[in-house]
Amino acid sequence: MGVARVDITAAARTVLRELAAEHGPLLFHQSGGCCDGSSPMCYPAGEFRVGQRDVHLGEVDGVPVYIGGQQYELWRHTQLLIDVVPGRGGGFSLEAPLGVRFLTRSRVFDPAEQSWLDGCPPRVGPENKR
Amino acid sequence: MGTASKQRDTATVPSGVKLPIAIRSRYENWIGGEYTPPTRGQYFVNPTPVTGQPLCEVARSTHEDVDKALDAAHAAALSWNITSPTYRANIINRIADRLEQNLEAIALIETLDNGKPIRETMAADLPLAVDHFRYFAGVLRAQEGSIGEVDHDTIAYHFHEPLGVVAQIIPWNFPLLMATWKLAPALAAGNCVVIKPAEQTPVSIMAFMELIADILPSGVVNVVQGFGVEAGKPLASSPRVAKVAFTGETTTGRLIMQYASENLIPVTLELGGKSPNIFFADVAEADDDFFDKALEGFAMFALNQGEVCTCPSRALVQESIYDRFMERAVARTEAIVQGSPLDPRTMIGAQASNDQLEKILSYIDIGKKEGAKVLTGGARRVHPGELKDGYYVEPTILEGHNRMRVFQEEIFGPVVSVTKFKTHDDALEIANDTLYGLGAGVWSRDQNTCYRMGRAIKAGRVWTNCYHAYPAHAAFGGYKQSGFGRENHKMMLDHYQQTKNLLVSYSPKKLGFF
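Protein sequences, first through last, are from chains W and L. Numbering-wise (this note's numbering), the first sequence opens with residue 1 and increments by one. Numbering-wise (this note's numbering), the second sequence opens with residue 1 and increments by one.
FYI, nobody ran anything at the bench for these hints, they're computed from the structure. There may be inaccurate statements among the hints.
Among the chain W residues that face chain L by a calculated CB cut under 8 Å, a handful are [stated by the list, open to error]: (1) Gly33; (2) Trp75; (3) Arg101.
Which chain W residues stay away from chain L? Per the calculated CB distances, all over 10 Å, these [as the list claims (entries may be wrong)]: (4) Ala10; (5) Ala11; (6) Thr14; (7) Gly125.
Being a predicted model, the structure only gives us computed values, none of them experimental. Note that beta-carbon positions come from the ideal geometry of N, C-alpha and C, so glycine has one too.
Generate coordinates for the entire structure from the input sequences, incorporating the hints supplied.
In structure tokens:
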């Protein structure tokens, strides 16, 4: 088998491609905390400094998705699905001027998936070390 | 306000609403004491969460506008930075008076722009903002430097000096009050400000700036509207600001620190929390006023639709009273009156934006998938008529355990996750098992329990037998990933001031080294 830690909906992929056409290579970082937090932030690649403890959850449409290391430990049992909804704002995330906002939906991995993922730890940090 | 009102186009407001101060159909930026159109001539549509319908248009600013605002701020700083504390305190007091005189009008605008109930803006947001200005006007007058006698002929003088021009990025949950938390100490300390309101709630601060236009010298406060990526980023990364103050979330907080590191400037960050609200068994010893107060303390998760960084979003209830307590807590929650934010009886209004509504629903969804039990609520609330497209959520209680996502991540909605504990040590372990440390609540009739828990919880504010009180006199800020720096309290002046030391020798004698 094989299961992704993060995926993207068709609607979000369309927005992502629109942003990539305008801004070039992109990166997602899953935010935590208040206001516009608990949502994925989309930046031009290189804008956000990926930290040594940031976890690389995977790629969606070629765009890497990261989450803070401590937050990952609390979220690791769930699959993230990046979606998009009509919305306003969202920190410095690129999609806000389009009148939409990326949103993280989630589901719990089943035991077989979790077991497979446990044997396949994610890469960590800017150099994507195992 | 005469000339301004003649030119004023009014915005589209829900039917039956009479605004003492009209909302304009379009807002430009406020730069150098006057409305200034955005350089690129672009605007965005600002909906009201009350109905989900467009309210007005607002400037969609870019780096050119940030530069204009910084030009105005630096020009004003030449004189404002060196004004006397008395002069500034008097101005800040007049701002407070003007706001108080127009409290109802601004409260109504805030409710329309944010979706929070009018009884909250009338009883909390606006009165607290008025008091906050007065507090900083007051403490400023009492602030003194110091003189240290190093030895008989050597004196160390310490002066407070303003930083100069500072940048402030404001959240959307208490738009004018959060702006006030940042503006009042910054202005008192003698700084000029460029402020970027949240794009979800841009209006109330514009009404405020118009209201005080004849009080505050031009350019001391400049408001640049727009999106984070287009207006917030050029402001936060500008080498022309001496400090950035930000309230928001962790990823943007990191980005702001990254920009600040390039400019070697200080930042203060308030990034949210997942605050535990702990109820010890003795609260239920009697069915008296205190127990009633504790139940209200539980229901505080619904205050401001849960859109509070310190929302008591984890309730920890001692096992021996759990069933009894929760029966009453559920009933109390179900008694919360939902409805139009404009109705003075309404206790919970609309979430501030559609994406916020969607995010809350996605969290309730993962909570259910993880096995949390919905004790009440758990869905969107669709009100009839004009409100049908507004962003409303039922106050929701989820029962589960502390490793669930709904216990570990800030939902920023009217959702509380409840679990039980056996002993004090259990309660403490659960309370501190979180990435955040902004607020906490402790409820007990035993003052030793309260004190020991309060000191051991790793959070910046522990409400003890109370919750969600925000007096200007009490320091507010985070431990752990909730950020750093404090807001409120006289100590906040230090966050906006430099310390100047003059080290003076009054001795006529040389040292003898050379």
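Each hint, compared with the structure:
Given the 8 Å rule on beta carbons, the hint for Gly33 of chain W holds: about 3 Å separates it from the nearest Cβ of chain L. About 6 Å separates the beta-carbon of Trp75 of chain W from the nearest beta-carbon of chain L, less than 8 Å, and the hint is met. Given the 8 Å rule on beta carbons, the hint for Arg101 of chain W holds: about 4 Å separates it from the nearest Cβ of chain L. With 10 Å as the threshold on Cβ separation, the claim that Ala10 of chain W sits away from chain L holds: the shortest Cβ distance comes to roughly 17 Å.
No Cβ of chain L comes within 10 Å of the Cβ of Ala11 of chain W; the nearest lies about 12 Å off, and the non-interface call holds. Its beta-carbon lying about 17 Å from the closest one in chain L, Thr14 of chain W satisfies the requirement of being farther than 10 Å from that chain. No Cβ of chain L approaches the Cβ of Gly125 of chain W within 10 Å, the least distance being about 14 Å, so the stated non-interface status holds.
The structure meets every hint from the earlier list without exception.
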